[in-house]
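Given chain A, put chain B in place with the hints provided.
Protein chains in written order, with our numbering: chain A, 368 to 602; chain B, 1193 to 1526.
In short, the hints are calculated from the structure, not lab data.
Don't take every hint at face value.
Claimed, not checked - Below, in silico cross-link-like pairs of lysine to aspartate or glutamate (DMTMM-like), each with a Cα-Cα straight-line distance of 25 Å or less:
hint	chain 1	residue 1	chain 2	residue 2
1	B	K1294	A	D425
2	B	K1294	A	D411
3	A	K519	A	E538
4	A	K415	A	D454
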Amino acid sequence: MKILGFDTAAPANTIGLVDDDRLLADCAWEARDNSLQRIVLNIDLVLKRAGVALRDIDGLAVGIGPGSWTGGKVGVTVAKTLAYAVDKPICGVPSFEALAYQSRSLSVQLCPLVAAGRDTVYAAFYRPRARALVKQGDYYVGSIEGLTAAVKEPTLFLGKPAHIHRQALAEALGPLASFGSPSDSPAGSAFAWTAWPRLRRGDSDDALSLSPLYLTEYLAHALLAKRRQDREPRG
Amino acid sequence: MLILGIETSCDETAAALVEDGAILSNVISSQIDLHARYGGVVPEIASRKHVEAIGYVIREAFDTARRRPSQIDGIAVSARYGLIGSLVVGVAAAKSLAYALKVPLVGTHHIEGHIFAPILSHPGIPMPHVCLTVSGGHTMLVHVKGPCRYEVMGNTVDDAAGEAFDKIAKFLDIGFPGGPAIDRLALKGSRTAFDLPRPLVRSRSLDFSFSGLKTCVVNMFRDRPPEGLPLPDVAASFQEAVVDVLVSKALQAAERKAVSAISVTGGVSSNRRLGEAFQEACGRRGLAVFFPLPDLRTDNAAMVAAAGTARLAQGEVSGLDLNAVASAPLESLR
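Just chain A, same shape as in the assembly:
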């Protein structure tokens, strides 16, 4: 089964083409603000390198964030439009799952982190089971201190914020905390392989309604809510 996986929500944009458990071709480049400019050209590059036509792939996997807001929208729009044009199934893959993919056969709880600006992080908890990831509870948005309060068992922290906040995590959690890869941009193949079990059993997302994963509300929405609150009579 040939799956084209790509992500433009992370600091580096990545594309990978896999055929079952084989990597056929891949590509990565620093995103800056050129996700839109490069993504389709680089998809073409990866497909050509593997000698595979877009019509011959069996499915698409795309990173839905969280991460760069604009980058995430570009990736999801490209993926849904390609899926529509060549009529292929598509899976949206949260950044967290791709970050945790490499560690899916370990026996500790996994906590991939994504930078959310200032001192805030996005996080998710997974328990590996039979080389698959089972999500525990809701996604987390908040401070590192708030995150450590929720950790009660041995946990492997992944992603760049884990590296940046390593000292704070280690001090708060002691032996419960361990640290994995500090990379913040999983390979395109990690997105493809994360989606593989789903696509193999015929489970996919609806291409047209697929959206990035937003874990924070609009700033405008928050301001409006605050203004309403301020207008409420006090007492």
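Quick look at chain B alone, frame taken from chain A:
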């Protein structure tokens, strides 16, 4: 030539199929209700909604036209001028589709799309002509020398005319978007009830300024209780001031270029008083005046397809590295 147009510059997600000047479909998904509570377009909301809507809008454009994606000869997309978070969605969809279908892609300027709305509506429109394009995002006078050949003659130095309508409507608390709200109210009011300035109307320059007019209205009525405001008179007088300036500058531009026709396009071209004033003024001077079909006045993708058809006919094609550019002069197009 069967061309798919895509437009996501601001808060309208649009796709259309145009074949040799015939509009086969013109699908517009407006987000206006979502932005109304904020009194203006919120860029992040607009961008998120484009991602949700774009696939459905493109599919509907094909379904309505009873055509399949494999039948198109090219794709045109508004790639320049607008909210960057909005533009990227249309450009991402357009280039992906062009790549998957192996058809040529052409990026157009949002303003160029508006210039093509009256051309698409009235194929006999004389070339060259002068185009007044006016909306919530821009106010521009353009000498249209020929298809895809433009000279910008005037521009707003501050607010767009439609933006001034929105801000006055917000001040009067009569709803968003402001244009239609003021247009409706003004029908019942007197155009001469209040003596408002006509900014830059006597200047040799063809530029516009609406910020001072807006401030003047706000200062005039700020201290009055809202329930005591003569809303219809304020709306009619304000609207008349804007219309006066727009008509007068467009006529000056037409005279300078010695053209026989003026086109008026963009969302504000739906304003009833503006239409009336242009018919009167152009009639007196023996000038022809052209407005787009009603569906082509606000942002739409049929106008983009028309502009793209003209560019493709000249052999122009964009690469798959086409990028979105928020602010680009109209003349920057090759």
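Checked hints:
Our distance criterion of 25 Å between C-alpha atoms is met by B:K1294 and A:D425, whose separation comes to about 19 Å. A distance of roughly 12 Å separates the Cα atoms of B:K1294 and A:D411; the hinted pair therefore holds under the 25 Å criterion. The suggested pairing of A:K519 with A:E538 holds, with an alpha-carbon distance near 14 Å, which does not exceed 25 Å. Taking the CA atoms of A:K415 and A:D454, the gap is near 20 Å; set against the 25 Å cutoff, the hint holds.
In this structure, none of the earlier numbered hints is contradicted; all agree with it.
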